[in-house]
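Chemist: For the sequence shown, our numbering gives the first residue as 21, with consecutive numbering after it.
If you're looking for bench data, these hints aren't it; they were derived computationally from the structure.
In this text, all values refer to a predicted model and were calculated from it rather than measured experimentally.
A couple of the hints might just be wrong.
[Unchecked claim] DEER-style ranges, computed between Cβ atoms:
hint	residue 1	residue 2	range
1	Asp247	Gly96	20 to 28 Å
2	Ser120	Ala55	34 to 42 Å
3	Gly248	Asn125	27 to 35 Å
4	Asn193	Arg122	26 to 34 Å
5	Asp247	Asp154	32 to 40 Å
6	Asn172	Leu232	15 to 23 Å
Using N, Cα and C, we set each Cβ at its ideal position, and we do this for glycine too.
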Amino acid sequence: MTSPSPALPPALRCAVFGASGGIGGALAAALAGRADVAEVHAGSRRGQAPSGGKLRPFAFDLQDEASIAAACAAIGGPLDMVLIATGRLTRADGTGPEKSYRALNAEGMAELFAVNTIGPALIAKHALPLLRRDGRAVFAALSARVGSISDNRLGGWHAYRMGKAALNMLVRNLALELARTHPQAIAVTLHPGTVDTGLSAPFQRGVAAEKLFTPAFSADALLGVLDGLTPADSGGLYAWDGARIPY
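Please put together the full structure from these sequences, using the hints given.
Modeler: Here it is, written out as structure tokens:
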């Protein structure tokens, strides 16, 4: 009788940008709890993301490319999963989102675009070269259903919608480019549902209790969606329940 083969040690290396937020922290914790994950690099502005066990905190500034580049260089490759859980619905001073075109101004739009689109683009610039080439690799960024142009039936929230729509286009571009060099890679955007975090807190009135998710529930659901995707799904926007949302 032959002896059973020894179990393979955990091998996956993951990075979560925005791990101090509600969903980002839950994603980092969920990944750290998986048997197939060896380490989770958890990034936040001050490097104060969860630590201990498989978690490796690091600091980065979403609006400072040099800090993003330095963080990625320190993490090194290969990476099996890169998740971007950053984003902002209101301006830093708490104003917004806009209910009418009358509230639009260049400064506010630029501020939200910098956070919701440009920051993730710069992370992609420095993190994509770290993705594993010899196997499955995932790059995913949190977007929102309101970033879907065809699904927009209410209007308003102009700068946030614009930034997330642009993020969806960015990741679609990345998916096409990655396919040429990383044939098993998957690049997608994700809609986490309405999650009980500081971002959604002012806008939860009227949300049914069963539609208001905890960060842990949303994180587990999103990771389950990612686990089920294939390279043929790359470039899409997917909801927490696995449904593909049209652009």
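Chemist: Can you tell me whether the CB distance of asparagine 193 to arginine 122 sits inside 26 to 34 Å?
Modeler: Given about 33 Å between the Cβ atoms, the range holds.
Chemist: Using the Cβ atoms, figure out if glycine 248 sits within 27 to 35 Å of asparagine 125.
Modeler: violated (42 Å)
Chemist: Range hint 20 to 28 Å: satisfied by the CB atoms of aspartate 247 and glycine 96?
Modeler: For aspartate 247 and glycine 96 the Cβ distance comes to about 24 Å; the hint holds.
Chemist: 32 to 40 Å was suggested as the range; check whether the CB atoms of aspartate 247 and aspartate 154 agree with it.
Modeler: violated (19 Å)
Chemist: Mind checking the hinted window 34 to 42 Å against the Cβ distance between serine 120 and alanine 55?
Modeler: Hint violated: Cβ distance 50 Å, outside 34 to 42 Å.
Chemist: Falls inside 15 to 23 Å, the C-beta gap from asparagine 172 to leucine 232?
Modeler: holds (22 Å)
Comparing the model with each earlier hint shows violations of hints 2, 3 and 5; every other hint is respected.
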